[in-house]
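Chains as they are written, first to last, in our numbering: chain A, 1 to 111; chain B, 112 to 224.
Please note that a few of the clues may not be correct.
[Unchecked claim] A few chain A residues facing chain B, derived, Cβ under 7 Å: (1) V19; (2) S30; (3) A41; (4) P42; (5) F44; (6) Y82; (7) G91; (8) F101; (9) G102; (10) A103; (11) G104.
In short, the hints are calculated from the structure, not lab data. Since this is a predicted model, take the numbers as computed values, not measurements. Where is the CB? At the ideal position from N, CA and C, for every residue including glycine.
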Amino acid sequence: QQPVQSPQAVILREGEDAVINCSSSKALYSVHWYRQKHGEAPVFLMILLKGGEQKGHEKISASFNEKKQQSSLYLTASQLSYSGTYFCGTGPRGNDYKLSFGAGTTVTVRA
Amino acid sequence: DGGITQSPKYLFRKEGQNVTLSCEQNLNHDAMYWYRQDPGQGLRLIYYSQIVNDFQKGDIAEGYSVSREKKESFPLTVTSAQKNPTAFYLCASSQGVGNQPQHFGDGTRLSIL
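Here chain A stands alone, though its shape is the one from the complex (with noise of 0.2 Å):
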């Protein structure tokens, strides 16, 4: 089943922060993270692999809580770079190789 994310897009300025959630109504085992710009490849942020687990990617990290099934994406600072449209996918257990991609939250970041 499809993770739900929100908000489904975020204006900013540069130099603000931002938060996107990624929330599953089935168990997390993993949260994958990636940022798509227009007409591009979705490019990979972060994985996360534990329940608490958090990582960063410069100024871009994220934390999984998996008693709560969801996944927080924090931007900080941002760039103007920041801009794109960023999905959470998630993983089940063990040897699958599937994720389900939420639908996206678009960034827009202005000067």
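Given the coordinates of chain A, assemble chain B onto it according to the supplied hints.
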């Protein structure tokens, strides 16, 4: 430089026609995937393959077919049974077992003539 190559970038299909989208990777990845992307719907999995000569249906496999005869190649055929094929198609690959990053190609945009 390693990566995934999708071709063509743009493709037009006539009514009743089958078309094949190419996906080649030189990353030596075991797993390959095909996704369909429609506006506002994110990425939906069509088919995936964990090893050569084996593949599984994803969430929206009807009207599509694939083959995996070589590790580096995973072509997708959009058949005439797919009544609404207009979309952006993305191929991806990943290495190893379990949760690994997926690397995406630049996509093929398919339209109906």
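Broken hints, numbered, in rising order? 1, 6
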